[in-house]
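Student: Chains as they are written, first to last, in the working numbering: chain R, 1 to 428; chain V, 1001 to 1290.
Everything labelled a hint here was simulated from the structure, so no lab data went into it. Beta carbons are placed, not taken as given, at the ideal position from N, Cα and C, and that holds for glycine. Treat the hints with care, as some may be off.
Stated by the list, open to error - Taking lysine-lysine pairs in the DSSO-like style, the calculated list, with each CA pair at most 27 Å apart, reads:
(1) R:K61 / R:K369
(2) R:K137 / R:K334
(3) V:K1050 / R:K421
(4) R:K146 / V:K1237
(5) R:K60 / R:K137
(6) R:K186 / R:K408
(7) R:K61 / R:K334
(8) R:K229 / V:K1050
(9) R:K186 / R:K175
(10) R:K324 / V:K1237
(11) R:K408 / R:K185
(12) V:K1188 / R:K421
(13) R:K270 / R:K186
(14) R:K421 / R:K408
(15) R:K60 / R:K270
(16) R:K94 / R:K322
(17) R:K369 / R:K175
(18) R:K137 / R:K169
(19) R:K94 / V:K1050
(20) R:K137 / R:K358
(21) R:K76 / R:K421
(22) V:K1237 / R:K408
(23) V:K1050 / R:K322
Said to hold, decoys possible - Covered by chain V, according to a simulated footprint, are these stretches of chain R (three or more residues, beta-carbon under 8 Å):
(24) 180 to 193
(25) 243 to 256
(26) 364 to 372
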Amino acid sequence: MVQRLPISRRNLLLGAAATFGVPAVLAGCGSSQPAPPGGKSSGNLGTVTLGSNASDEIPKKSLETVLKGFTQAQVKINTVDHNTFQENINRYLKGTPDDVFTWFAGYRMQFFAEQGLATDISDVWREIGSDYTPAFKAASTGTDGKQYFVPFTYYPWAVFYRKSVWQEKGYEPPKTLDEFTALAKKMKADGLIPIGFADKDGWPAMGTFDIINMRTNGYDFHISLMGGKESWTDPRVKQVFDTWRGLMEYHQPAALGRTWQEAGQALQQKKTGMYLLGMFVAQQFPENERDDIDFFTFPEINPTYGTDSIDAPIDGYMISGKAKNVDGAKAVLKHLAQGASQNIATKLDPGTLAASSKADTSGYSTLQKRGAELVSKATHLAQFLDRDTRPDFASTVMIPSLQSFVGKPNEIDSLLSSIEKQKSNIFR
Amino acid sequence: MAAKTRRYSARDVTILVIGLGVAIIVNVGLIWGPTLASIGLSGTDWNGIKPMEWVGGRNYGDLVNDYPPFWSAIRNNVLWLGFLGLVATPFGLFCAVLLDRRLRLSRVYQSALYTPVVLSLAVVGFIAQLVYSSDYGVLNAVTGLTVDWLGDRSINIWVVMVAAAWRHVGYVMIIYLAGLKAVDPALKEAAAIDGANEAQAFFRVVFPTLRPVNVIVLVITVIEALRAFDIVYAINKGRNGLELLSVLVTENIVGEASRIGFGSAIAVILLVITLGFIVTYLSQLFREER
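Chain R extracted, bound-state conformation:
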């Protein structure tokens, strides 16, 4: 005799709802998976949690290696996908952040410091201050004059080229805008695309804007413009776009459909003569061709400013405002500030330089040595447009606007008045 199951249909449905519905909801709540701890040894400062955006293999490995050498506390690294980390940073810092987290210098650091979401580490700086140049200290300082950030690595922006191509054609690094234009003209005549260019992702064109603005109007005006204190319809800003437009005919066409990786490959394949990008362009070159890469800093436009400023975005670490183990976190930052720690990272990732002046540069590749030399000559280090201004202004106003300029370089006036209107809507 078949016995009826002691369960009614309705109960069954409820059961099913419970079985399938509830875990689904719970699964939706689960967030980042903690990565295995970087350092196993535990010291007397307890456990420090570290939120990391180093989700790519090389940066992840270098952070783990660096923290293996830290013995005062146990460090638990929570790695989150790079973009996800960045996009969720507001909620992350508001919610239950880790003690230490990876972040960027400049405005984006100051923004969180102002909201009280970062811990003042001026006392740490009294110890490590002598290891850094004033430019790095300034980049780590909040609007209140206190320090909130420890620089770890950085990479400069410059105009990159292949030595072999330039030797063959007899090109010389230009010193002024006129020489630059003349060189571009010559390259065009030689059948090369003079200036590699790509802006599908929206941000690479910011590098061109930054450098032309700093060369034309100086670092202080640039930072003031980024801070929303200047008008975008100012003739000085118009001058920047006019200069850029003059160079547009030497830029690689169809830039809005191209990624920087593709433009980097075009440089590697000797289709383009030069390319303004960060030092990470080296990633697009096979290992055995990296010694063929060289660069020059963007030439002088206005003799008042010469070539005193460059973009050199700094990556580093901060302590969140809600940190539970502040003493441990400060000890971690001191460890990360050591030149020896940063050398581990620069060795694994040849696209970066150590921020500390005490770091050992003897192990640098030729390119890294040239990069360090370039930075030591610069008086001002800008952090790149999207790190020097409000994130909402950078992503929702500047990206579409610069793309629109690249698509239609002749409509400068209407573009600038549109940027100005949107800027005043955001910076109010």
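Keeping the supplied structure of chain R fixed, place chain V upon it in accordance with the hints.
Tutor: Coordinates of chain V only, in the frame set by chain R:
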């Protein structure tokens, strides 16, 4: 006259409360709550950190007057709807009619047309890049052109809509094919006996009997047009000529930008447009029933 009252046992009541209660909680919590919250947030200036500030209709003013991507997105959403509705959907119907005639190899055609449907639109977006990229794309390589299909904002929306339609056609086709199989062949015979030619038989007899299918297809087309997001996001994050309302909402709210109030205002506009279609559709449906 003993009123016949239905008795609910305590168990029935419990089940009823749980059953209805859960539905109501889910409905309010997941649909009405967020909708009203969006409307409320759209009147504020808030970045998720600092205190919320009430600004009334200012976000809407900024949106309409000073935010160029907004009009671009409205235009693209309308184009998207028009292209799917007037080109892709009729073409899907056309394919279905042809396949219904049992051509030779019709199974092969059917599979070929239907295959893209199993791909997500994000994947279609990646495929579109392989085809349209100006440097390494198949299209430029085969034709010898040097057109910047995805970067030139006067053409990129069109080629992307073609890619989206590639998937939509198969979807519509399979639905119509099922509908056509269900049409009584006697109707077509009767029409033929009455002297109707092929076209007349289709438009006057077969197509009207497909009415329920037409409604489903229409709804699907509208939904696809309004929720379009993944394909443009995969291609260039929905910028530079590929703006869509759904992308702008995400772009402003999610991410470091966190213009929550401003993004919510865009979301509310998308909601109003969606409601327009839903209300039209529902009122149409209720009128039928009456």
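Student: Give me the numbers of the hints this structure contradicts, sorted from smallest to largest.
Tutor: 4, 10, 12, 15, 18, 21, 24, 26
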